[in-house]
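Novice: Heads up: the protein sequence lines correspond to chains A and B, in order. Anchor point for the first sequence: position 210 equals 210 in our numbering, and the numbering is continuous, going up by one each time. Anchor point for the second sequence: position 26 equals 26 in our numbering, and the numbering is continuous, going up by one each time.
Keep in mind that the hints were calculated from the coordinates and are not lab data. It cannot be assumed that every hint is accurate.
If chains are identical, the list can't say which one is meant, so a pair holds when it fits in one copy or spans any two.
Claimed, not checked - Taking lysine-lysine and the DSSO-like style, the derived pairs with C-alpha atoms no more than 30 Å apart in a straight line are:
#, residue 1, residue 2
1, K136, K112
2, K22, K136
3, K139, K112
Keep in mind it's a predicted model, so treat the numbers as computed, not measured.
Number of protein chains: 2
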Amino acid sequence: MAGSLAMRAVQSSAASQEDFYKHGMRSLSPDSPVSHVLEGLCHFREQPLTSPSQFVRPTSLLFQQAGRERRWDAVQAHESVAAMLHNSQLDAFIVVRQFRPAIYAVRWRAAKAAGLPEPPPAAGLSYELCAGILDKPGKSAEQVCCEEILEEVGYRVSPQQLACCAGSVISSAGVTGAPQAVFFAQVDESMRARAGGGTMAASERVEALSLPVAAVDAFIADASLAKTPGLCFGLLWGRQWLQQQQQQQQQQSSQRT
Amino acid sequence: MAGSLAMRAVQSSAASQEDFYKHGMRSLSPDSPVSHVLEGLCHFREQPLTSPSQFVRPTSLLFQQAGRERRWDAVQAHESVAAMLHNSQLDAFIVVRQFRPAIYAVRWRAAKAAGLPEPPPAAGLSYELCAGILDKPGKSAEQVCCEEILEEVGYRVSPQQLACCAGSVISSAGVTGAPQAVFFAQVDESMRARAGGGTMAASERVEALSLPVAAVDAFIADASLAKTPGLCFGLLWGRQWLQQQQQQQQQQSSQRT
C-alpha cells in the first residue's frame with residue numbers, strides 16, 4: 001500500500017499542506033478563502049451505504065456479448081456542465097477549489113492501512129473546473145453553465161459568450177458513464193456580479209482561484225495537487241485558444257502595416 | 001429529457017453510427033477491429049445492484065464541517081494508470097476504443113424516457129487513453145502502465161521511457177476520488193510485440209486506434225464521440241510535447257549552421 005498513488009499524495013500533502021497558494025494562485029472569493037472551505041472539518045469516518053442515496057444509485061447492467069451473459073456494475077449519476085474561464089485583466093484562468101470527501105477518503109484509507117496518522121483535512125482539497133449538475137428540466141446546458149459560473153466564481157456570462165471545448169466528455173466511463181459538456185469563456189472584472197464561493201442554500205464551500213496562464217504547466221505537473229483531468233484539459237485548451245487569438249491579432253496588425 | 005446531453009448523443013450517434021473511422025483513425029489491432037468489439041451485443045437491461053460488487057462498493061462518508069454533521073455518499077474504486085502514446089512513424093496518437101456498458105446505459109435510459117427505439121450498441125463506444133487499474137501489490141504505477149500498454153495496444157515500453165503528464169488526476173472527484181497517474185511515451189513499430197486488443201483472460205474487447213496528430217482538434221470537438229477528459233488532456237499534452245521537441249531541434253540545427 002505504501003507505493004500507492006494515494007500514499008504518495010498523503011506524504012506530499014503532509015509536506016506541503018501549509019502552502020495553499022502555490023503557482024501564483026490567488027483567491028477571488030473573499031468570503032470563501034481556503035480557511036472557510038476547511039473550517040471545522042473533523043471526525044471523519046466511513047460506513048457501508050445502507051439507505052438509498054440521491055447521488056449514488058448502484059445499478060447492475062446486464063447484456064449479452066458474443067453469446068455470453070455479462071454483468072457490469074455501475075452507478076447512475078447526473079449529467080453535468082463545466083466551464084474554463086480566462087480572466088483577461090489578470091491573464092489567469094479561473095479554477096475552483098473545494099473539499100471533496102471521496103478524495104479525502106482515499107487518502108484517509110491509505111494512511112490507515114499504512115498505520116500512519118489521519119491526514120489533515122487539506123488532503124481532501126480538489127482543484128476543478130467550475131461545474132454543476134444538469135438537474136433543472138427545461139434549461140439548456142449553456143444556461144445551467146452560466147448559472148454555475150455566477151454561483152461559484154461570481155461572473156455574469158451569457159450563453160452566447162460560451163465556446164464549446166468538448167460536447168460530451170465522460171469523466172467516469174467505467175462507473176457512471178455520465179456526460180459532461182465543457183465550455184470556455186473569457187471574462188473580466190466588469191462582469192463580476194457577486195463574490196462567488198457557492199450558494200449557502202446548498203451549503204457549498206467553494207474557493208474561486210486565479211491561476212496565471214504562465215503557471216499552467218507547473219500546476220499540472222504538481223503531483224501534490226488533486227485535480228480533475230477535465231481541469232487539465234481545460235487549461236491546455238484555454239491556453240491554445242489564447243495563442244490562436246494572439247496569432248490572429250498579429251497577422252491582422254501586420255496586414256495593416 | 002429531449003434536451004439532455006445523452007439525448008443529443010443518441011441522435012448524433014444514430015446519424016453517424018456507420019462511420020467508425022472518422023478523423024483519419026485507423027485500427028492497429030487487426031484481431032480486434034470495431035466489429036469484434038461490438039460482436040453480439042444485445043439484450044441490454046438493468047436492475048438495482050443487490051449483491052456485493054467487486055467494482056462498485058457504495059460507501060457513506062461521515063464527517064463534521066463547521067459544527068454540522070455531514071454525509072457524502074461515494075463509491076470505492078481502484079487507483080489506476082493511463083498512457084498517452086505517440087507513434088512517431090505514423091505521426092499519430094494511440095487511442096483505445098471499447099464498449100462501455102455505463103455509457104450505453106445513459107443513452108439507453110434517455111432513449112427509453114423519450115419513447116425512442118433502443119440505440120444501436122455503437123452508442124456505447126468510448127474513446128479513452130490506454131489504461132488499467134492498480135491492483136497488483138508490489139508493482140509500481142510505471143510497471144503496471146507498461147503492462148497495460150503491451151496488453152491493450154501491443155507496444156513494449158519500459159518504465160524508463162515514460163514521461164509523467166500528471167501525477168494524480170482524479171477522474172471522478174465527487175463519486176470515487178480515486179487517483180490516476182497519466183504517462184506519455186513515444187513508440188514506433190519496432191517496439192510492437194503483439195497485436196494488442198486486450199487480454200482474453202479478462203474477456204476484454206478493445207480496439208487500438210491511431211489518430212493523426214493533425215486531427216486532434218476535430219476529434220476533440222466532435223460531440224458525437226464519447227471520450228474521457230483524460231484522453232482530451234493527453235492529446236493536447238502530447239501535441240504540446242511534440243511542438244516543444246520540434247522547436248528544440250530547430251534551435252539546435254540553427255546553432256549548428
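Novice: Look at each hint and say if it fits the structure.
Specialist: Okay, the hints, checked on the actual structure:
| no. | hint | in the structure |
| --- | --- | --- |
| 1 | K136 with K112 | between (40 Å within a copy, 19 Å between copies) |
| 2 | K22 with K136 | neither (36 Å within a copy, 34 Å between copies) |
| 3 | K139 with K112 | between (44 Å within a copy, 20 Å between copies) |
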